[in-house]
Structures are given as structure tokens and as C-alpha cells.
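A.B. asks: With chain A's structure known, arrange chains B, C and D on it following the hints.
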Amino acid sequence: MSKLMPLEQAVSQFIQDGDCVYAAGFTHLIPFAVGHEIIRQRRRDLVLARATPDLIYEQMVAAGCARKIIFSYIGNPGVGSLRIVRSEIEAGRLEIEEYSHFGMISRLQAGATGLPFIPMNPTAALDLERANPRYRRVVDPYGGGEVVVLPPLNPDVAIVHVQRADRDGNAHIWGIIGEQKEAAFASRRVIITAEEIVDEDIIRADPNRTMIPGFLVSAVCHVPFCAHPSYTQGYYDRDNAFYLTWDQITESPEQTRAYLDEWVYGVDDRAQYWEKLGAECHDRLKVEPRLSKPINYGEY
Amino acid sequence: MSKLMPLEQAVSQFIQDGDCVYAAGFTHLIPFAVGHEIIRQRRRDLVLARATPDLIYEQMVAAGCARKIIFSYIGNPGVGSLRIVRSEIEAGRLEIEEYSHFGMISRLQAGATGLPFIPMNPTAALDLERANPRYRRVVDPYGGGEVVVLPPLNPDVAIVHVQRADRDGNAHIWGIIGEQKEAAFASRRVIITAEEIVDEDIIRADPNRTMIPGFLVSAVCHVPFCAHPSYTQGYYDRDNAFYLTWDQITESPEQTRAYLDEWVYGVDDRAQYWEKLGAECHDRLKVEPRLSKPINYGEY
Amino acid sequence: MEYTASELMTVNAARLLRDGDVVFVGVGLPNLACNLARRTHAPNLLMIYEAGVVGARPNRLPLSIGDPTLVSGSTLVCSMYEIFSLYLQRGNVDVGFLGGAQIDRYGNINATVIGDYDQPKVRLPGSGGSMEIAAWANRCYIITPHQKRRFPQRVDFRTSGGFLDGKHQRLESGVRGGGPQAVVTDLGILEPDTSGKMILTACHPGVDG
Amino acid sequence: MEYTASELMTVNAARLLRDGDVVFVGVGLPNLACNLARRTHAPNLLMIYEAGVVGARPNRLPLSIGDPTLVSGSTLVCSMYEIFSLYLQRGNVDVGFLGGAQIDRYGNINATVIGDYDQPKVRLPGSGGSMEIAAWANRCYIITPHQKRRFPQRVDFRTSGGFLDGKHQRLESGVRGGGPQAVVTDLGILEPDTSGKMILTACHPGVDG
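Which chain is which? The protein sequence lines are A, B, C and D, in order. Each residue of the first sequence is one higher than the last, beginning at 1 in the working numbering. Each residue of the second sequence is one higher than the last, beginning at 1 in the working numbering. Each residue of the third sequence is one higher than the last, beginning at 1 in the working numbering. Each residue of the fourth sequence is one higher than the last, beginning at 1 in the working numbering.
Pulled out of the complex, with its shape left as it was, chain A reads as follows (with noise of 0.2 Å):
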């Protein structure tokens, strides 16, 4: 059954206001296209869940689409801090709800396999079990010690972006594995962007391949080049320089609104952006192939 649709339709159909969304990818496959098509929507009151905020919520944090962050990172990865995030919470403005990395995809484990909670071995820090009244502890009934546990996280929305999927939203993803299967497993939506939209023979070609399967999906959206700034593996590399320039331009809210209104609210849709972004950007993020050998099935 073809899920497939524009993108622009499956954030109005998909994404309301006041939903807890999962944009997933740990650094690799960031779906910002659809971060940028949720700020032309003006979407508001989000909550947003991503162990790594990144540019991609910064932006939207910007634009006013946010009510609250759950997060494990604030960072701008491998840059510094992520300016905007950091004083909106430093001034009261943004809720927070926050967690170690290995917390906040327990929390998506048990999203995602139906458990009421998930267990971890404790770590003697106790400031963030303390801050965080979500963190709890069980005793461990064979060992008399104690485990940190965390209850479930279920979004509203995983928005999951993937080499190749077919029309289904059977999905192929290499590379950086992040959090994108436990993010689809745990939402009640799902929305996959792919680089590209393939036949169902390519994903059946490969089936240990796919870490999504399609009766998961509400929606599959064709959007090339979804992740820059972020990348994608074998698609297009990372535009490192963009991270660095992000720092300069949110160093003054003019410049950050300027960028909104260039960039975002300025292009129609990703194949607008990805244009405008040049033939120098294109050049400077290409990649040579480096290819996987192919295995056998065996027909059986």
C-alpha cells in the first residue's frame, strides 16, 4: 500500500501542534528538511526528543516551534555550544527534561519493545537521578543491589531519514545506526524521508537490510539531500563548515532571524534550498563511491 506523498503533506497531516516528535539520527541522517518544513507550517508547542539537539532543533527553537527539549546533549557537535538552546533555557523560556545518552535511548528501547520501564546498572552519579524525577530505582530481586530505571519514551512522531525506501516505507539504512529503528518501534507515527524512493526488489534483495518495516509508516516522502547540514552516508558528506558557521550567525539574533527568513521561510521546499545552496556547497560535499560486495541469499 504507497504511502507516498509530498512532504508538505505529511507534516499537515502527521505533525499537530503540541506533539512530542523524534527527529532521529545520531549525527548521520538528521532530517532537517522536514525541521525546515515544520517552521514554514508554524507548527507550535512542540516537544522536542532528540539525544543530540543539534542545528536541527536550535532552528526550530528559533522559529518558536518549542515548548519543551528532552534531550542528553546540548551541543553543537565537535563546535561548541548551541547558543540559542542554552540561553532560552538559562532565561526560564524552554522546559527541559534531561538525560544521559544511554538514558535517553533506554527510554526509546522500552518505547520501542512495550516494557512499562527499562533498566540500567547504576552509575554513582546521583545529581541527574536527582534532578529528573522520571529516574527511579528497583531493587534487583536476585542480587539485593539496586538498578536506575527509566519508564518508556513513545513520541507522537519519529521522523526517520533513510538511504532508500520503497513506497511501503520498507527501509534501508547504512552507516551510523543511531537511534532510527528504536525511534520508528517506539512513536505512534511514523514519517521516512528517503534520498531515494526504490523498488520493493531492492529492499527484498537485501532484507537483513531494512530496519524499518513498512506497516510502521504513515508516511514516505521522496526529499533528496534531507540531511545537509547533516549527511548521508554514500549520498553526500557533511557540511562540516556550515556547523562552524552556524556558531557566527547565531551570535546575534538579527543574523539567526535573517538565516530563517532566507533559508527556510525564503525556499518552498528542499529542492529549493539544496538549489540555492550552489555548485560550490554540491562540489564541496560530494563523495567518490566506495562500494559494499554484494552477498547471497541463495534462491531458495
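Hint data in this document are derived by calculation from the structure and do not stem from the laboratory. All clues stand as given, with none of them false.
Per the computed footprint, the stretches of chain A lying under chain B, defined by three or more beta-carbons under 8 Å from a beta-carbon of chain B, are:
1) 204-218
2) 292-300
Derived Cβ-Cβ restraints for the label pairs, each shown as a range:
3) B/N132 <-> D/G174: 25 to 31 Å
4) A/R136 <-> C/T40: 47 to 53 Å
5) B/G144 <-> C/R154: 28 to 34 Å
6) B/M1 <-> D/G178: 23 to 29 Å
7) C/R154 <-> A/Q9: 54 to 60 Å
As the structure is a prediction and not an experimental result, all values here were calculated from the model. Heads up, the beta-carbon is just placed ideally off N, CA and C, and yes, glycines get one too.
C.D. replies: Below, chains B, C and D without anything else, positioned relative to chain A:
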């Protein structure tokens, strides 16, 4: 660091009398050649853990290697019962520790992830929980309901058959991936048998396909056709005829002994066993290729 | 038209499936029933095998639940922990099929042992996936030949729970699935009444109800 | 021979690594130290990145911990849940590197907040992977510039635990890792005494101890 050695040496060096052994593989990749080598080396008092003991453990039980089995389904898949295992249990000569599939695999998951226990939702079927004291209950600290919990399973040795591994033990597996990864991470030692020993470049050309990292591995053995009468996806078919024949063989202890004498004690190694199976069998189990498409990791 | 009892059961089981159902399939009759449904009234039926295979398109009839023909050309293959947790425990499975040596009037099933657990008269294969399938699939169907010895008042061991000692007990237990919706036998179909008791609701042609 | 303070720290950090160590690597200086060690005295060093990459062989210096150059040509890529559970929580990591805004004398680190948690003076990035690395890696090394404001008596927030209020407390807590084994700064190296206090044990050339 190469860990390549003959299977005979790996079994002699890494499997001791009394060990808890987990020969991994759900129907697929069952390491029969290792079971036979253990029988030849006359190991005793083993605790044999596997979701489905299958013919491999039945043969080891028949040969007197086992003190106890840990399992979740003791049948000859698609055929009927495991006559010897069943009669040894009925006669009180074989200790058992029983789970459901999910309970069994959950114990491995806890063992692999370093947790003191793992929760599962209750099933309302209480008799197995009552029969096996390792099943316990813990109150959900969020909702007030209960979860069923099990402690980790940490075998002394995991035996994992794979399509291809490099000399360090980094292994690619595809097709049904059952519980190989969990068994390897849960166990104190890991023996890898492989249809092919490949250069590490083959492994590194597709890192998302690697399920077991070499640093966990004690020994890597090159054992083509290790899995017969089970199968290796893409390499040879399951010998369904033998699964039916075994049901007849085990109708009498004499026939069973004769089988072990001829096919286990009577051969030196898997190469001889495969040779002895003969051309008709080789032909019958041959598989025509059905290849995946290569994927592009990109040259970064 | 001539047909065997087993063919009739297969057709009756297939009719219970709805288009779009996600089905946790066992080998044998359930596998046949699913393939029949998919080729007739339920083209969007999705078959999941406990070996970790989703969307299989087998070219031949598999003997075992982990046959390689289930893998080649399927949509997705994952680990056993994943198939039981992400799919079954998470509530993504609509239909499960069950069978067993004994079934009581509330649809509780024994596949473990005849007699005492510690000193069994007959040791059966045990739960496999059925304990959790019975609990967490939205709907379960039990397929079994209609022999008297298979339908005792009380099963010797509850390998998987149906309505326990009555429908209210299953509801109170809080398990997510709806429990057994029908027992398909070679004589007819039994369905639960309001108390969860399995009542004969259809007789096959030629059977004296 | 001329060198920068950062180069000196890199060399000193590299010297702490042993051949065969499995190291949970962060970007920046730890990444450089590991690559240096691997090319000199520790050819069998195995680098694991929290993004889920094992055995990376980067062709270029990665800006972020999830750079694609870490993936192409690596040995294994897995999910974040797996890297933190199968590798770190399971006890498969020998060495972790840590840094932070504040470090106290027992090697407890603050990377979360300056001032009050609910009304922060400065909001820092938070734990990321460090809370669990500090707890479960066999040995931890802290790398930081030697500035007075970074070494308060007590950190404002314990993002990751060192020896807590003394070595016995860490032992009693039951966490598996051995805690911080050294603090490497641009001035020298500090190591824990028997009580877990970090004591200057080596001064770099030209530094007045």
C-alpha cells in the same frame, strides 16, 4: 591478532567438562561440526543451553556429554519430538531448566548487555513461572503493575557459526540471525566457525553487516559445511530429509549408536563427514546464487 | 467436491484473517492458511515468522519455521529478541496461531507436559513462542484436531493462557491481547461466549452437531 | 624541540594507553591520542566511538563524533543502544576519556550546569555519554587545561562520578569501573592517592611544581 586454529584445538582448549555451552542459531547456522567434535573429545557433564536443542543437542545427549539442558522448545522442528531428549527427561536422567522462547532470549539479552535482570510483560500463563524459580516478579515503579523478570544467562562458551569471518574473528552473518550476537556478548568465551575465512577488507567493506567483533573471540575455525543438516544461507540448503530420517534412527538406541559410530566417531573431522555424505547429498543441498545489490558507503 | 479434514481446517482458518492483518505465523496449517488468505481476500496480509522474518514470500512449503526460503526475497530479517520484543510485546501483531496437546474450555493450552511437571508421564516440546503469542497478539486462533483427549476439563499445565478461569480473569490480569477468538477443528468452529467458554458455533457439513 | 601545550597533553594521554586496550573515544584530543598510540606502541588498540562505530580507520580528522569517515572502512557499526549496552555496560571497554567544565579533587566532573540546576548561571551541554563512561570503563582519563576555575573544591553538579567523596565510596557504590586513573593537563599529570584524591605526580618541563 589471528585466532585461526583447527576446530579440534579450539574445542580442546576452550570447552571443558562441566561447562555451560551455548551453540547458537535458530534453525539456521547450527554448528553441528562443533557438536560432533565435542562428542569425539568425550566432554562430560555439560550444561547445554539453546532455545531449540534440535538434533545437535539430542546427539550430544545420546553420546553422554550432557548433565542438563536449558531450553524453550524441545522438538524436531517440523517433524515431531526429540525422542532421546524426551525419554531422558521422562526417565529423570537429564536435568532441565525451561523457558519460553522470549524468556530464553531475554536471559541472553540481559547477559549480553550486562544487566542483573531483564523485565518482560506478564503473560497470564503462570505454570512455567511457578515451575522455574528463576522467574520472578518486580513491581513497575511507574504504574504499579508487575513485570516478569529473569536473570542474565552467561554461558562459559558460545559457539557461533557464520558465513564469513576474518582471522581476528570479526564476523558477517546474514539470513536468520536468531541469537548469535546475544550469545557471543553474553558468554565468557566465543568460538567462531566460518564457511569462509576472508581478508579483513571484505569485513571492512560492509561494517553494518558485522555482528560479532573480533575482540570477543577466543578461536576462529575454518569449517565449511559446519551446519549440516542445518544450513548456511547462500551456501547450502537445509537437509530436511535428514531431519525426517533422524526421527526414524532414534526409534532404537542401537540405530542411534550405530549412527554416532559411523558419522561422528567414525570420521576425523567435518571435511571427512562432508565427503562421506556423497555427491547425491551435495547436489541436493546445492543453492543457486541470489545476490544482494552492493551499497555505497562513500570514500570520506 | 472432495476435501480432507485438514483442507477444511485450512480454509476455515484462512477465513478468520482480515486484509492488512499482521500475522505471527507457525509452520504447517497456519502457514497454508495465511498463504491462502493472501492469495484470495487478504492481499495485504503481512506474515511474520518467529525466526525473525517479516514479509516472507516462500517459493516452497517450508518444513521448519526457519527455512531459508522464508528469508530470500523477504522484506526484513531481525533477531529473535527483536521479533519478540519490537513486534510481539510492543503490540504490533494482530493475529497469532496456537496449537497444543490439551485445550480446556477457556482456551488455555498445554504444550508442556502430561502428568506432573517434575515427573512427567509424557514430556511435550514446551512453549516455544506460544506463551507470549497467546498473551500479546490481538487475536488468537487455536487449530487442533477434534479428539476427546485433547479437550480435558482442565489442562495438566498451562503453557499459554486463554481466558484462564473465565474472561474476567484475563481482563484483570492486564495482558494486552484479546485472547482466543476461535478454536478451529476438523469438526467445526468453537467461539468464546461472554464468560470466555468455548462454544461450538459452526459444524462442518456432514458433522452431527 | 618545540611543541604546544595541546601536543604535550596528547602525547601524555597516548602514553597511558596499552596495546590491546579497547578505548571509548571522543573527538578532539582523545582521538589524536588514540591514533598516536596506535601508530606507535599500541598497534592493537581498538577504537570505539559512541556513535556506534568499532575499529574505525579515519582518513581525515573528524570534526564530530559521528563523522562518515569513521564509518567507511571500519570493522563494525551498531546502534547507540548496542554500543552503550553490549560494549560499555557489559564491561567490554577498557579506557574512557572524559572532560568537563569543573573537576573536583576526587575526579568528579561537572559538564551540566554552573550554578543552580533549575536556574542555571551557565547551562553546559550535559552528560552525553560521560555519565556511563565514568562509571563503567575499567580506567578513565580526564583531559583538561589546567585553569584554576576548572578545579573547585566541589563541583556544582556531578555529571559523572569519580571517587565521589573518597575512594571507599566508589567501591561501596558497586559500579564496575575503576574510576579516574589520571588527570592530564597542560601543566602535568595528577593521579589518585589511596583515598582517591588527585595529586600532582608529574610536572611538564618548564612548569614550576
